[in-house]
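A.B. asks: Listed in order, the protein sequences are those of chains A and B.
Mapping of the first sequence onto the working numbering: position 84 corresponds to residue 84, and the numbering continues sequentially without gaps.
Mapping of the second sequence onto the working numbering: position 156 corresponds to residue 156, and the numbering continues sequentially without gaps.
Hints are supplied without guarantee of correctness; some may be wrong.
Pulled a few chain B residues facing chain A out of the computed Cβ check, cut under 8 Å [unchecked claim]: (1) 7; (2) 9; (3) 11; (4) 108; (5) 116; (6) 124; (7) 159; (8) 236.
Residues from chain B that keep clear of chain A, each with C-beta distances beyond 12 Å, as calculated [as the list claims (entries may be wrong)]: (9) 23; (10) 39; (11) 72; (12) 237.
To be clear about the criterion: a stretch of chain A counts as covered by chain B if any three or more of its residues have a C-beta under 8 Å from a C-beta of chain B, and this derived list gives those stretches [unchecked claim]: (13) 3-15; (14) 55-67; (15) 70-83; (16) 91-105; (17) 108-118.
If you're looking for bench data, these hints aren't it; they were derived computationally from the structure.
All C-beta atoms, glycine included, are put in the ideal place defined by N, C-alpha and C.
This is what each chain is made of:
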Amino acid sequence: MLRALAVLLACQLAGEAITRDLELPLPGPVLGLVFLVAILFVLQRWRLVESATIDETSLGKVSNTLLATLGILFVPAGVGVIQELELIEKYGIALGASLLVSTVLTLVVTVWVFVIVSRLVEPKIERKD
Amino acid sequence: METPFALWVYLSATPLLWLTLTVAVWVFADWINQLCGRNPLVHPVMISIVMIALLLVVTRTPYRTYFNGAQFVYFLLGPATVAIAVPLYKNWPTVRRKTLPILAALLAGSTMAIVSAVAVAALWDVPRAVLISLAPKSVTAAVAMSISDNLGGMPALTAVLVAITGVFGAVIVTSLMNAMRMRDYAARGFAAGVAAHGLGTARAFAVDPLAGTFAGIAMGLNAVMSSLLVPLFVRLFLPN
Chain A
1 MLRALAVLLA
11 CQLAGEAITR
21 DLELPLPGPV
31 LGLVFLVAIL
41 FVLQRWRLVE
51 SATIDETSLG
61 KVSNTLLATL
71 GILFVPAGVG
81 VIQELELIEK
91 YGIALGASLL
101 VSTVLTLVVT
111 VWVFVIVSRL
121 VEPKIERKD
Chain B
1 METPFALWVY
11 LSATPLLWLT
21 LTVAVWVFAD
31 WINQLCGRNP
41 LVHPVMISIV
51 MIALLLVVTR
61 TPYRTYFNGA
71 QFVYFLLGPA
81 TVAIAVPLYK
91 NWPTVRRKTL
101 PILAALLAGS
111 TMAIVSAVAV
121 AALWDVPRAV
131 LISLAPKSVT
141 AAVAMSISDN
151 LGGMPALTAV
161 LVAITGVFGA
171 VIVTSLMNAM
181 RMRDYAARGF
191 AAGVAAHGLG
201 TARAFAVDPL
211 AGTFAGIAMG
221 LNAVMSSLLV
231 PLFVRLFLPN
């Protein structure tokens, strides 16, 4: 488990260091994600990992556990609401309306574009149902 | 033996108390969610935030003190983002087959998330700093806060808006997609990740593993895309 955690942290650290140093407009952990995918493909070439069994490795287990408990990670930032009560009281209606409308529109537009472009690219596979 | 008050004064200043509370409240909120048959309307993130916020207000505990303990949980957002590499690697052939839909949906969704959020709020008399704080609301918390901070927004407000967006997206995504008769789980997951970042992703993983993977990819890509689009949008439409 610790080995897996070390891998995740090292990728994040490398990502943070490089994005900061090169002033990339990219969050460090996202670059860390890219590094880890690259590492997994290198390991696959050496036949050390394969996609069918990745979930059984300690990296797979730790990663899937982290992803399954993603919700709690948002609680500390969300509790920050108590610092902004005044703003929220003042602009609550505007903010609420904005979040509501924008989230629905974003979901609808994203899913439509995804499906439409999928059908344009692979018309044969998509026409089953 | 210390008096209860002295003990409280001591404990409330340590990270341990607030860390324990964050985890314990989460376990409780998750249990309630389970009792309600995993109904997304009874969202454990919302329950936890409301309970802890009330407790802090009642005990007059400053957010800083709370965050000293809760930061250990918050910190895991970074490794959790890196961890998306595992489902991404595992589903790589599917992802590659969908490169074009992914890029098109990302560009459309990311733009819509930013433009519609600011446009709707601008119907009211809302200051520029609040509009900027709102623009990255669909991006995962840590990244959204740094975008907001860089452009003159309020990172703490952004964090709250991000959390609310995530909960709201997670609550509505399944019924909205069902109402649209959307059966492509890759597309559904991708939309959840673009619109509602990690909470949309968590919801997508609960519905279908493929949807979860695409949500994770969408969350990662949208973090990158929005880091580029929000500054551009602010320069064009919200000049200083």
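A.B. asks: What are the numbers of the hints the structure violates, in ascending order?
C.D. replies: 1, 2, 3, 8, 9, 11
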